[in-house]
Amino acid sequence: MTNVISMIVSGVLTGGVYSLVGMGIVLIYKATGVINFAQGAMLMLAALVGYGLVIILPSPWVAILLTLIIFGFVGYLAERFCLRPLIGQPLLSSVVVTLALSWLIEGIFVMGSGSGGERGYPPLLPTGSLEVGNITLSMSNLVNFAIAIVLFLAFTALFRYSKMGLAMRAVAEDHEVSQSLGISVKSVFSQVWIISMIAAAVSGILIGSATCVSVGLQGLGWKGLIVVIVGGLNSIIGCIVAGPLIGILESFAGVYVDPLVGGGMKETVPFILMLLVMIFRPYGLFGLKRIERV
Amino acid sequence: MLPCGTRSFHYEEDIAIVRTRAQWGMLIAFLIILFTLPLYGNVYILSILSMAAIVLIAVQGLNLLTGYCGQLSVGQAAFVGVGAYITAILTTRFGVPWLAALISAGLGAGLVGIIFGLPALKIKGFYLAMTTLAAQFILDWCFLHLREWTGGVSGLGVDNASIGGIVFASEQSKYYLIMIITFVMVFFAKNIARTRVGRAFVAIKDNDLAANVMGINLRFYKLLAFFLCCGFAGVAGSLLAQYMNLVNPAQFSLGDSILYLGMLVVGGMGSITGGIFGTVFFQLLSTLTLVLSPLLYAVFPGLGMVASSAMTVFFYAIIIMLFLIFEPRGINHVWLAFKGSYRLYPFAYQ
Chain F
1 MTNVISMIVS GVLTGGVYSL VGMGIVLIYK ATGVINFAQG AMLMLAALVG
51 YGLVIILPSP WVAILLTLII FGFVGYLAER FCLRPLIGQP LLSSVVVTLA
101 LSWLIEGIFV MGSGSGGERG YPPLLPTGSL EVGNITLSMS NLVNFAIAIV
151 LFLAFTALFR YSKMGLAMRA VAEDHEVSQS LGISVKSVFS QVWIISMIAA
201 AVSGILIGSA TCVSVGLQGL GWKGLIVVIV GGLNSIIGCI VAGPLIGILE
251 SFAGVYVDPL VGGGMKETVP FILMLLVMIF RPYGLFGLKR IERV
Chain Y
1 MLPCGTRSFH YEEDIAIVRT RAQWGMLIAF LIILFTLPLY GNVYILSILS
51 MAAIVLIAVQ GLNLLTGYCG QLSVGQAAFV GVGAYITAIL TTRFGVPWLA
101 ALISAGLGAG LVGIIFGLPA LKIKGFYLAM TTLAAQFILD WCFLHLREWT
151 GGVSGLGVDN ASIGGIVFAS EQSKYYLIMI ITFVMVFFAK NIARTRVGRA
201 FVAIKDNDLA ANVMGINLRF YKLLAFFLCC GFAGVAGSLL AQYMNLVNPA
251 QFSLGDSILY LGMLVVGGMG SITGGIFGTV FFQLLSTLTL VLSPLLYAVF
301 PGLGMVASSA MTVFFYAIII MLFLIFEPRG INHVWLAFKG SYRLYPFAYQ
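Sequence lines, in order, name chains F and Y. Under the working numbering, the first sequence has 216 at position 216, and the numbering climbs by one with no breaks. Under the working numbering, the second sequence has 123 at position 123, and the numbering climbs by one with no breaks.
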């Protein structure tokens, strides 16, 4: 029994990180209507840049801050040069552009990290494990989960209570009406991309320091997309609920299904769940019923 | 836009692929050059052209699905893999003659495509992209983990193709086989595009509700689009298997899917010639990168060996993004504009 509970708990904690990645994607979608397929690649690059800066600079916190600033700038560049020319074009263009962007960043990552191999971070955050009752929790997972919750609260507060969040929601509804009300759609797009890339950078550094910096981090981007679909594209709450759900499903699949089929199920089961959700409830658990169906 | 003075009085003239005598002349000259190339060309050029032809089949399949029918698919490489593995398993394990294996690969991949296309009946756009992405990953997992069938990470070896008693072992004979099959498949794609089925696809892309109201059976045509796309991918995979004499999962990754989509977008989406332009352009680009890499090593000695493949990826991605930003209708549009300009010069009469 404690085995099951520890699986659930570890699933919830890893799921927190997936929610963090998904939140960046939801942010961009809520304001611009574009799905950012490049989120995973961005976080991979952030892990690499963070690692490089942490090694060079004396204080790790300065390095992290600098990474966040750099990635805010990268988000601005990505929005300004890749996405803004594509406003008004059909969906395919933005999907292919973000896919190409993710591919580009993967290329940059491999070129920048030399052999594309794995790097370990010097320990920045508390590591080790915590014993609660009979269950062993990993400290780094707990910290990641806590940071994910903090960011979730920050984003919800942003959208609900601040003027910038109100502008973002207005732009998500209708570009022309927002412009007629005096909201600059272009600056809202930039703001949203900057914030989302900072979120990606935070998750990249967190995950990179917990595990290692390698090309495989891109897989988190796909998990983030799955979280977003299962939870609903429009909803941050859906994100925070779906993340742990997928984490739990993964740990169960890893323990129970893997021995039957020879491994690798941890990556595939979330995709199967996503397919099922898309067939039976396309707008996700908490999303709004705006998906066109045929 | 037809050359000045050309009028079409019958439907067959209107939809003809090769309309004027000059075009027939150019086509015949091109075919002669293409099919006599092994006599004087070196093996390297033949191999580039063979790979380009195989990729062209896959890209034309994707063109039918995404360019004409508007259903986004990010999983094309996985379906190519399905065709390759079906061929490999049938020829090595069951001793099926190669031509039958080719046809089965096409049909088999098409059926798998229908299974993953079923969600397309209910969802559109981005959700469909995610479904095909899921297809890519799930099929990837199948290639890696169904070890008794697929050989896992190391893959399967494939014998050379043989039709009748002829074994296609040398580079030249493989070139002929691939070129003939490519020609047939591209002609098939062009025919699908210019007749009833193609028009139904385009109608579905423009506005599927209106197409449904007009009487086009959406379910049938959407599933048919998936079947054709994945069928083409299966044929391409089959040719790839016998060309490389090897199939393994690394050949069919997400990066290749993105590459096919990129070729389609760069070449020009809704047209068969666009697919040809895109594929040829990317083959030239990869050859160019291969030539440029030694120069880059000279300039940046710090880059490792892996950097050359990353450099290729980098260039591909940059090119795709530049085309999307500056010329979203692709090379085909530039070509049509040029053709229009020289056909109308200097008088604008038609």
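Derived from the structure by calculation, the hints contain no laboratory data. Remember, it's a predicted structure, so these values are computed and weren't measured experimentally. Glycine residues also receive a C-beta, built at the ideal position from the N, C-alpha and C atoms. Keep in mind that the hints are not guaranteed to be accurate.
To be verified - Restraint ranges, calculated between C-beta atoms of paired labels, are given here:
hint, chain 1, residue 1, chain 2, residue 2, range
1, F, Val215, Y, Pro294, 54 to 60 Å
2, Y, Ile45, F, Leu77, 51 to 57 Å
3, Y, Arg196, F, Leu181, 46 to 52 Å
4, Y, Leu111, F, Ile8, 35 to 41 Å
Quick rundown of the hints versus the structure:
no., hint, verdict
1, F:Val215 - Y:Pro294: 54 to 60 Å, "violated, 25 Å"
2, Y:Ile45 - F:Leu77: 51 to 57 Å, "violated, 40 Å"
3, Y:Arg196 - F:Leu181: 46 to 52 Å, "holds, 48 Å"
4, Y:Leu111 - F:Ile8: 35 to 41 Å, "holds, 39 Å"
Violation of the numbered hints given earlier is confined to hints 1, 2; the remaining hints are satisfied by the structure.
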